[in-house]
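S.K.: Protein chains in written order, with my numbering: chain A, 1 to 262; chain B, 263 to 609; chain C, 610 to 870.
Treat the hints as calculated values from the structure; they're not laboratory data.
For every residue, glycine included, the Cβ atom is placed at its ideal position computed from N, Cα and C.
Keep in mind that the hints are not guaranteed to be accurate.
What the hints assert, rightly or not - Rough simulated footprint, nothing fancy, chain C against chain B, three-plus residues with beta-carbon under 8 Å: (1) 327-340; (2) 377-385; (3) 489-495.
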Amino acid sequence: MLIKYAVLLRRSFSAMLEYRAMIFIWMLTNVMPLVMLAVWFSLSEGGPIAGYSQNDFVAYYLLITFVRQMTNVWVIWEIDYEIRHGDFSIKLLHPLNPIHEYIASHITDKFLRLAVMIPLGIFAWIIFPTIHYDLTFTTVTLFLIALVASWLIRFLSQYCFGLLAFWISASTTLNEIWFATSLMLGGIVAPLDLFPANIQLIAKYLPFRYMFAFPVEIVSGRLAQTELINGLAAMLGWLIVSVVVYRWLWRRGLKHFSAFGA
Amino acid sequence: MPLAMANTIIQVDHLCKYYQVHQKEPGLIGSLKSFVARKYSDVKAVDDVSFAIDAGEVVGFLGPNGAGKTTTLKVLSGLLYPTRGVARVLDFTPHERRAAFLRNITLVMGQKQQLNWDLPAMDTFLVNAAIYEIPDEQFKKTLAELTELLELTPLLKKQVRKLSLGERMKCELSAALLHRPQVLFLDEPTIGLDVTMQTKIRQFIADYNARYGATIILTSHYMADVTALCKRVIVIDHGKLLYDGDLHALAEKIAPHKLIRVEFSQPLNGQRLAEYGEVVKERGQRAELLIPRDQTSQVAARMLAELPIADVTIEEPPIEDVITRVFEQAARARAERGESDENDNDE
Amino acid sequence: MRYLRLLSVFYKYSLLKELEYRVNFISNIFMSVFWVGWGILGVSIFFLHRDSMGDWSFPEVLMVVGLFTLFTGVMEAFLRPNVGAVIEQIRDGTFDFVLTKPINAQFIASLRTIVFWRLADVLIGLSIIVYALGQLHAAPSIGQIAFFVVMLASGAVIVYSIWLMMVSLAFWFVKIDNIAELFYAFYEAGRYPVTIYRGAVRALLTFVVPVAFVTTFPASALLGKIDVTTTLTGFAFAIGLFIASNRFWNFALTHYASASS
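Okay, chain A solo, but in the shape it has when bound (with noise of 0.2 Å):
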């Protein structure tokens, strides 16, 4: 399995350095977070909103946009323009799930990524030297497992939609309701401290906040200990329906393949 993952890799890296321009434009396309910055920004300026004053802002929108680039996911794309020319029937021949082969092309992408974000990052520190984290080890090791777990909450999520194109045609269009409700929830348009009480409390018990804003939350030092533990708990549980609906979704639809091809 581990050389095969090699060679997947190695294959996957070849294959994006071909496309040098493409690779940079996908990152600058996710900038949405930092518009979000600049609007609370500017917003802040008479003084904190919510407890968040100019300078958290800085570090949250920073921090966020870090995590949504590193659990960046467009593997739906990728399965939608397969199923429909074909491409996924020859993928299903071979001895491999063909997971595998989206997840080494997702890895790779994140070092591509990594590559430019700690100039980037450097460089944001440079500009805003006042902006502060909770970096203690607790807080890294969990922000770091977190981020691992963003990215495959989000990456199966979308996965099980990209699935959903066995049955139904309108597979994209699912994930695009789920993608843009996990911005709203998800502490992208604003810290999920911003929202309304009851609200905070939903999203709380939903997948969204999983996605983007919980890794950040970690290292902000707002939460208080018990909320990072049922945070944690709500993540892995997130986690584990994740797994579980797609290895259900990835049966179903061999068995519906195998009796209607896609």
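Dock chains B and C against chain A, hints included.
M.R.: For chains B and C alone, coordinates are given in the frame of chain A:
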């Protein structure tokens, strides 16, 4: 070369078209290298080619993949700017793409389609009628003629994606010819079609040529297309013009052999055919031999005298073999001059 | 005149083509409404905490949101499908057929298809604008409406020019589908009045990616927040950009090397 008409429609002088292509070594290291700095090299797709074509001629372009046929067609139809040299079609400079020029030409590519996949072919026809400003009268008349020639009636109202490859090609041709162009550039119009359909398309092209006196340049991988339609061929390889002239003269000029086909009245006992010439085929009581052109009659006479022959014919070797031989010779010549043979880029 | 007739032919067949896929039609209109709803919800979060955004009240910001939606519709209906089509045609070589047609290639390439259901966004956007005007109890003067129309037209020309330049890039970079996404990422900033952005960001959104001309300025015109000079500057800017984009397109055409057979 005997010319039916004297007005030149297509004039090409010292035409060159070079491309820059970026090269990449395989593997990760190669990818990283080309990520940092791309290496480019010139590919001479068309290299100093000159010819002239008169009104009403049907000319076949021959050459292996990447020889420069398609590139030449694209320069002539105004899609590509020549790197050097002159191309004139109907007294226009193609790449200026004047409306008056474009109205009188058409380009058909067997591997690409202009028909809209989701709509019936008729809809694309109507759009083209608007684009080319074809008057209603003329549109109806042309469509009726095309329908008759190509048996389009059952196809026009079907969604294009539901048509078979051959049916689609018929519709493609019609879409390309609605405005009755005087000059047709046909790039592999029969590719992928079955033999019957190839014959039909071929017949149609010949009819169109006869009916409208249109000038046609045709490229094809199927020699049968060329032998059926073109008296004149232009052979291109590696961007260079190798031959321009009568198709049959090509055989005489290039093929140093003729083909003798013999049938024996009884099985040979021990006589060795190889001493007469190069044996191409020997099966049962039939055989085919290649005999040097200047010795054909002596050898045939000797065989008749020495072997139990029931029947004998002397033919030109198949044109495919002749063409293959042309390219082999060109490749050998290049090798002798020490030129590399990697110029097989896409056209 | 001739080109208008051609447009009507093109649009007729675009409509026919769309009708082949009826399911998409409905689900897509649903999505339009959905995104607009989210957009307004997003704005309400700001107003949960503040009374104004860069001196714009809630109904005034709504007007910007309306214009944003309207131009989203314009771009998605008229421009994006063509960009997508040209990129695909360049990639598979069928752009040859566009170039061998005896009409202006820019005309076919940039206006050939239309996605009708996206005009829903235009309607939604207009409704939001009208609703916002009602909330403001504002009755714009003839002059304000005139400025608005000029700015709206300039916005449309600016948007067209930007998309034309993006299509032109496809002649160099074949894999450029995402260029539209890139533009949308910046366009996203046009959801809110440009006055809330500071310094370099505002300059960027006014002149480099001129979304301010598309959403904020027409709204300003209708609200009487803009004078003749700005209106004329906007108009001149639109004309300048249009000429530049046309030049760029022609330059790009000379670089077209049609894909191999």
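S.K.: Counting residues of the segment 327-340 of chain B with a beta carbon closer than 8 Å to any beta carbon of chain C, are there 3 or more?
M.R.: holds (count 4)
S.K.: So is the segment 489-495 of chain B in contact with chain C by the C-beta rule, three or more residues under 8 Å, or is the coverage claim wrong?
M.R.: Contact hint for the segment 489-495 of chain B vs chain C: violated, 0 residues under 8 Å.
S.K.: Examine the segment 377-385 of chain B for residues whose CB is less than 8 Å from any CB of chain C, and state whether their number is three or more.
M.R.: holds (count 4)
Going down the numbered hints, you'll see the structure goes against just number 3.
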